[in-house]
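Student: Spelled out from the first residue to the last, the chains are:
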Amino acid sequence: EAQVTQNPRYLITVTGKKLTVTCSQNMNHEYMSWYRQDPGLGLRQIYYSMNVEVTDKGDVPEGYKVSRKEKRNFPLILESPSPNQTSLYFCASSRYRVGSLYTEAFFGQGTRLTVV
Amino acid sequence: AQTVTQSQPEMSVQEAETVTLSCTYDTSENNYYLFWYKQPPSRQMILVIRQEAYKQQNATENRFSVNFQKAAKSFSLKISDSQLGDTAMYFCAFMKWRDGANSKLTFGKGITLSVRP
Chain A
203 EAQVTQNPRY LITVTGKKLT VTCSQNMNHE YMSWYRQDPG LGLRQIYYSM NVEVTDKGDV
263 PEGYKVSRKE KRNFPLILES PSPNQTSLYF CASSRYRVGS LYTEAFFGQG TRLTVV
Chain B
-8 AQTVTQSQPE MSVQEAETVT LSCTYDTSEN NYYLFWYKQP PSRQMILVIR QEAYKQQNAT
52 ENRFSVNFQK AAKSFSLKIS DSQLGDTAMY FCAFMKWRDG ANSKLTFGKG ITLSVRP
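Protein sequence lines, in the order shown, are assigned to chains A and B. Using this note's numbering, the letters of the first sequence map in sequence onto residues 203 to 318. Using this note's numbering, the letters of the second sequence map in sequence onto residues -8 to 108.
Treat the hints with care, since some could be wrong.
Straight-line alpha carbon distances no greater than 16 angstroms define the calculated EDC-like cross-link-like pairs of lysine to aspartate or glutamate that follow [unchecked claim]: (1) B:K100 <-> A:D240; (2) B:K95 <-> A:E306; (3) B:K87 <-> A:E306; (4) B:K95 <-> A:D258; (5) B:K87 <-> A:D261; (6) B:K100 <-> B:E1; (7) B:K95 <-> A:E232.
Rough simulated footprint, nothing fancy, chain B against chain A, three-plus residues with beta-carbon under 8 angstroms [claimed, not checked]: (8) 233 to 245; (9) 248 to 261.
In short, the hints are calculated from the structure, not lab data. C-beta atoms are modelled at their ideal positions from N, C-alpha and C, and glycine is treated no differently.
Looking at chain A on its own, in the form it has when it is part of the complex:
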């Protein structure tokens, strides 16, 4: 089954304690991205990756890091979480090939993060 898997689904942590949210896809997609969802703001892109070792900032990258060492994995790292990073996080992947039409983005199940 084609899917994007995020872990954990729920996480409560304290300010300043480093954490990683994992994301893995089994569709051999080139493009992966992280979004955060906040009430009244919709979803906003944090970081994205066009392929292995190619990452770039989205609209709200402050306080986050990512890496793309393997095609299937795209972890989101919060080095020193703060309460304003309390949010619902989504990982998404899609196929990307130059000259090809866009295909559907597949989303993970979401990670509810609370920073106290």
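Starting from the known structure of chain A, fit chain B onto it as the hints suggest.
Tutor: Coordinates of chain B only, in the frame set by chain A:
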């Protein structure tokens, strides 16, 4: 920068009736895609329907159809024969399409739809 506006925060509809959700967007791009996503209480993001800007024909998927007005930059979603399972938050989203560009989805704020039995 692209923006997507969903001005109605909430809507309610009687089961079996039809409801239309509004969305407007702003862009200077010529090649782009538009989407409606459904987010039920499970939080899963589910693609409902998509529209390519170069296609004049409005997209349809079973009970879901769109009214795409490119000149007016409007993209509304019509849900026919509403069902209780349609109760969810709905997001309108935009994506510009250009080789080498970030395939970022720009989302509206969302609208909460409640279907009444």
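Student: Could you run down the list of hints and mark each one as holding or not?
Tutor: Right, here's what the structure says about each hint:
{"no.": "1", "hint": "B:K100 <-> A:D240", "verdict": "holds (9 angstroms)"}
{"no.": "2", "hint": "B:K95 <-> A:E306", "verdict": "holds (12 angstroms)"}
{"no.": "3", "hint": "B:K87 <-> A:E306", "verdict": "holds (14 angstroms)"}
{"no.": "4", "hint": "B:K95 <-> A:D258", "verdict": "holds (11 angstroms)"}
{"no.": "5", "hint": "B:K87 <-> A:D261", "verdict": "holds (15 angstroms)"}
{"no.": "6", "hint": "B:K100 <-> B:E1", "verdict": "holds (11 angstroms)"}
{"no.": "7", "hint": "B:K95 <-> A:E232", "verdict": "holds (14 angstroms)"}
{"no.": "8", "hint": "233 to 245", "verdict": "holds (count 7)"}
{"no.": "9", "hint": "248 to 261", "verdict": "holds (count 5)"}
Violation of the numbered hints given earlier is absent; every hint is satisfied by the structure.
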